[in-house]
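Colleague: Spelled out from the first residue to the last, the chains are:
Protein chains: 2
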Amino acid sequence: MRQSGYFLRTIKEAPKDEVSLNAQLLIRGGFIDKLMAGTYSLLPLGLRVYRRIENIIREEMDAIGGNELFLPSMHPKENWEKTGRWGSFDALIYVGLDEEKNLALGPTHEEIISPLARRIISSYKDLPQYVYQFQNKFRKEKRAKSGLMRMREFIMKDLYSFHHNQEELDAYYEAVRKAYERIFERCGIGGETYLTYASGGAFSRYSHEFQTLTEAGEDMIYICDKCRVAINREIISDLEYKCPECGSSELREDKAVETGNIFKLGTRFSEPFELNFQDKDGEKKSVIMGCYGIGLQRLMGVIAEIKNDQRGIIWPLEVSPFRVHLVSLGVKNEEVSRKTDDVYADLIKAGVEVLYDDRVDATVGEKFADSDLIGIPYRVVVSDKTLKENKAEVKRRGSEQAELVSWHELTNMIISL
Amino acid sequence: MRQSGYFLRTIKEAPKDEVSLNAQLLIRGGFIDKLMAGTYSLLPLGLRVYRRIENIIREEMDAIGGNELFLPSMHPKENWEKTGRWGSFDALIYVGLDEEKNLALGPTHEEIISPLARRIISSYKDLPQYVYQFQNKFRKEKRAKSGLMRMREFIMKDLYSFHHNQEELDAYYEAVRKAYERIFERCGIGGETYLTYASGGAFSRYSHEFQTLTEAGEDMIYICDKCRVAINREIISDLEYKCPECGSSELREDKAVETGNIFKLGTRFSEPFELNFQDKDGEKKSVIMGCYGIGLQRLMGVIAEIKNDQRGIIWPLEVSPFRVHLVSLGVKNEEVSRKTDDVYADLIKAGVEVLYDDRVDATVGEKFADSDLIGIPYRVVVSDKTLKENKAEVKRRGSEQAELVSWHELTNMIISL
Numbered sequence: 001m002r003q004s005g006y007f008l009r010t011i012k013e014a015p016k017d018e019v020s021l022n023a024q025l026l027i028r029g030g031f032i033d034k035l036m037a038g039t040y041s042l043l044p045l046g047l048r049v050y051r052r053i054e055n056i057i058r059e060e061m062d063a064i065g066g067n068e069l070f071l072p073s074m075h076p077k078e079n080w081e082k083t084g085r086w087g088s089f090d091a092l093i094y095v096g097l098d099e100e101k102n103l104a105l106g107p108t109h110e111e112i113i114s115p116l117a118r119r120i121i122s123s124y125k126d127l128p129q130y131v132y133q134f135q136n137k138f139r140k141e142k143r144a145k146s147g148l149m150r151m152r153e154f155i156m157k158d159l160y161s162f163h164h165n166q167e168e169l170d171a172y173y174e175a176v177r178k179a180y181e182r183i184f185e186r187c188g189i190g191g192e193t194y195l196t197y198a199s200g201g202a203f204s205r206y207s208h209e210f211q212t213l214t215e216a217g218e219d220m221i222y223i224c225d226k227c228r229v230a231i232n233r234e235i236i237s238d239l240e241y242k243c244p245e246c247g248s249s250e251l252r253e254d255k256a257v258e259t260g261n262i263f264k265l266g267t268r269f270s271e272p273f274e275l276n277f278q279d280k281d282g283e284k285k286s287v288i289m290g291c292y293g294i295g296l297q298r299l300m301g302v303i304a305e306i307k308n309d310q311r312g313i314i315w316p317l318e319v320s321p322f323r324v325h326l327v328s329l330g331v332k333n334e335e336v337s338r339k340t341d342d343v344y345a346d347l348i349k350a351g352v353e354v355l356y357d358d359r360v361d362a363t364v365g366e367k368f369a370d371s372d373l374i375g376i377p378y379r380v381v382v383s384d385k386t387l388k389e390n391k392a393e394v395k396r397r398g399s400e401q402a403e404l405v406s407w408h409e410l411t412n413m414i415i416s417l
Numbered sequence: 418m419r420q421s422g423y424f425l426r427t428i429k430e431a432p433k434d435e436v437s438l439n440a441q442l443l444i445r446g447g448f449i450d451k452l453m454a455g456t457y458s459l460l461p462l463g464l465r466v467y468r469r470i471e472n473i474i475r476e477e478m479d480a481i482g483g484n485e486l487f488l489p490s491m492h493p494k495e496n497w498e499k500t501g502r503w504g505s506f507d508a509l510i511y512v513g514l515d516e517e518k519n520l521a522l523g524p525t526h527e528e529i530i531s532p533l534a535r536r537i538i539s540s541y542k543d544l545p546q547y548v549y550q551f552q553n554k555f556r557k558e559k560r561a562k563s564g565l566m567r568m569r570e571f572i573m574k575d576l577y578s579f580h581h582n583q584e585e586l587d588a589y590y591e592a593v594r595k596a597y598e599r600i601f602e603r604c605g606i607g608g609e610t611y612l613t614y615a616s617g618g619a620f621s622r623y624s625h626e627f628q629t630l631t632e633a634g635e636d637m638i639y640i641c642d643k644c645r646v647a648i649n650r651e652i653i654s655d656l657e658y659k660c661p662e663c664g665s666s667e668l669r670e671d672k673a674v675e676t677g678n679i680f681k682l683g684t685r686f687s688e689p690f691e692l693n694f695q696d697k698d699g700e701k702k703s704v705i706m707g708c709y710g711i712g713l714q715r716l717m718g719v720i721a722e723i724k725n726d727q728r729g730i731i732w733p734l735e736v737s738p739f740r741v742h743l744v745s746l747g748v749k750n751e752e753v754s755r756k757t758d759d760v761y762a763d764l765i766k767a768g769v770e771v772l773y774d775d776r777v778d779a780t781v782g783e784k785f786a787d788s789d790l791i792g793i794p795y796r797v798v799v800s801d802k803t804l805k806e807n808k809a810e811v812k813r814r815g816s817e818q819a820e821l822v823s824w825h826e827l828t829n830m831i832i833s834l
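Chains S and B, in that order, give the protein sequences.
Count the first sequence with this note's numbering and you get residues 1 to 417, in order.
Count the second sequence with this note's numbering and you get residues 418 to 834, in order.
Hints are computed from structural coordinates only; laboratory data are not their basis.
This structure is a prediction, so every number in the text was calculated from the model and none was measured.
Misleading hints may appear alongside valid ones.
Said to hold, decoys possible - Below are the DSBU-like pairs computed for lysine-lysine, each with C-alpha atoms no more than 30 Å apart in a straight line: (1) K101/S x K518/B; (2) K518/B x K145/S; (3) K145/S x K499/B; (4) K542/B x K34/S; (5) K285/S x K559/B; (6) K137/S x K766/B; (7) K77/S x K142/S; (8) K784/B x K802/B; (9) K429/B x K812/B; (10) K285/S x K784/B; (11) K285/S x K332/S; (12) K142/S x K101/S; (13) K499/B x K12/S; (14) K518/B x K559/B; (15) K429/B x K451/B; (16) K101/S x K812/B; (17) K429/B x K125/S; (18) K697/B x K672/B; (19) K34/S x K125/S.
Claimed, not checked - Chain S regions said to be covered by chain B (calculated; three or more residues, Cβ under 8 Å): (20) 70 to 76; (21) 114 to 121.
Stated by the list, open to error - Looking from chain B toward chain S, a few residues come up when the C-beta cut is under 10 Å (computed): (22) D778; (23) V781; (24) G782.
Ideal Cβ positions, reconstructed from N, Cα and C, are used throughout, including at glycine.
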């Protein structure tokens, strides 16, 4: 993608009303735009990061048997009344087509998927089922000052599973836990992310969250470094300040943000919607459910929040909007310009995704500053100086060392990195 | 995809409250589910069709320089007040986080993209720009009885273009027109779809719609078969019942539905938002805009509405959820079952997308009826009978003729079709 003509402009200073580091960096880098508190547009550069994350999650959901679907955002009052959450679910945004507010904007989709599953599930032969979606959620957030980490509308991956019995749910829950670990690992925040015991609701003693360490987090967790698990402060009294796995009380306190949750619903939703199945022996039973969420913009925000330095973002490779930021210095020198065009064409031909800073009127300082701010992993510079040596300069974002690489080695080197 | 275990169940009778043919077929075939009037879920099978259409549109938008982004659904009152459409845009759904309704759910995004474009565009060097999105739109539709053809929430592709001057807009408008023709052609409804002159709004005498012929359409158009264009009845008096291209008055009347529109906005939105640029000579000018929409579920609905027979849908190849419906008859015969598994593995290995009806407890009649209802282009049957001849039976949906094809030719034949 040529930077000239791209719908991208970096800015030196983030808007004054933006207090969150992730939003400041993402706004300055041209990834997002703030429409109002808790509401951001994904600009082309930001949508590329979003899509990387979406694809990672989709691959991992498909790998555990998930079938993707897409449910509506406007929900009928009856569905939420059936579960007793109409009027009591804090974050619900009510809406009406007439004067009467008899719809809600979906903050989650148990009220929709449970009755829908009745269409598919009636016999033990129809179980288990796993369905998920990437879908806009709406939440009346009171505190919306954490940039992408707390939004009023955001895309969530929500997976719902339907089972014969508790043992089957337990096994699938475990498979989802592992899929989530792979997702956070691939997004580059595996090391900072802990499986965390949290309050469980009606159907199990604990639920599990994934908490990622950051000073900007609103949760406090207690980490057992030996087991690599943590406890959310909200349940610390229950557990008497002990690691629930090894029993150790050597726990380390830290601030974190919830980046995913997995939850055993049991029959909480199948009962009100009479989502039943006939078992092998003809007995009618309630379907056992689980639900598993990841907020995508939040995940993107957390990555930006913790992967950066004073110059800008440092994207982990698998979620970076491009693999290479190709920077042409001295584009008024026709030879430099022509050579950089050749490098660009070679990389594209090899299937490498490249953002090409071909701007004529940006200074060397501006180009370097923008490249650091945007944070693409590999910067390749072509200039008068490198041209004289018949080489390009390759530098990893975040590293101080640059390397001169000859033209004929460049593409293969970039692919192998 | 193995049909056993897939989140799919066809039904014999569509819900009694569903009067629209497209929704009846799509509900019966397991593509969609109706939540309430004008509101449908895309089930896994339906989402596959949706994604095919989305990818066709994305490819064609990228081919004319479009950059994809993603804008919010909740819009601030101020933005809509600035253009004078708050309180006057019929289909607007108002919503509030508090008691006050000071937000609207976006039915279109001129009010968001125009101020956002100010961030990118300030000089003539920043133009032209083309951005588009696939995004949920919300509309207070009074009549929502046409299935996917008139929904209260639906995903729209909306493209916005920003130009130096009218000539540049005119040229791009023409490029979009051609892209739209390719989209409808690839979706299999090119023959039924006409570029149609409609009322133009403030900035040009006419706008253009794409209208697709169907008895279920709510519009009446007058077609000039020679020029392959049409006129919407709404402007028939203006044009004095003449083809606007050749002047002929030999026009054919037919019912149609709008499947796309392209619109010259001029400065209608750039003026209120002061979206200006500095020209080469230093003069400040308003940016000239265009907008171009396609509703994706409607397009899917129109295809189902016109591509069917009494047995079910007949998907055009490029939008079909799968390329092949592999049907195993007599799966209780182990040899049949094993052979169909082999065929399935071969096709998957060759990159062919296959829905595999491996159900044990469905009858031959049920399997054939489901296959016709779902409407995948190629049906491949393996049975006791075909096995005896060391062949599979291949039949094109909608054709009466089946062909016996030997195992070793099958995969290549399917790929070449």
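Colleague: Holds or violated: K429/B with K125/S, Cα cutoff 30 Å?
Modeller: Roughly 20 Å separates the two Cα atoms, so the pair holds.
Colleague: What's the verdict on K285/S and K332/S, does the C-alpha distance respect the 30 Å limit or exceed it?
Modeller: 75 Å, violated
Colleague: Next item in the hint list is D778/B. Is there a CB on chain S closer than 10 Å to its CB?
Modeller: 7 Å, holds
Colleague: Would you say the stretch 70 to 76 of chain S counts as covered by chain B, given the rule of at least 3 residues with C-beta under 8 Å?
Modeller: Per the Cβ count (7), the hint holds.
Colleague: For the pair supplied as a hint, K784/B and K802/B, is the alpha-carbon distance within the 30 Å limit?
Modeller: 16 Å, holds
Colleague: Given the hinted pair K518/B and K145/S, is their alpha-carbon gap at most 30 Å?
Modeller: 22 Å, holds
Colleague: Is the Cα-Cα distance between K429/B and K812/B 30 Å or less?
Modeller: 23 Å, holds
Colleague: Within 30 Å, alpha carbon to alpha carbon, are K34/S and K125/S?
Modeller: 48 Å, violated
Colleague: Is it true that the CA of K101/S sits at most 30 Å from the CA of K812/B?
Modeller: 51 Å, violated
Colleague: Straight-line Cα separation of K137/S and K766/B no greater than 30 Å?
Modeller: 37 Å, violated
Colleague: Would you check the hint for K542/B and K34/S, treating anything up to 30 Å between C-alpha atoms as holding?
Modeller: 24 Å, holds
Colleague: Does the structure keep K101/S and K518/B at a Cα separation of 30 Å or less?
Modeller: 11 Å, holds
Checked against the numbered hints given earlier, the structure breaks hints 5, 6, 11, 16, 18, 19, 23, 24 and satisfies all the rest.
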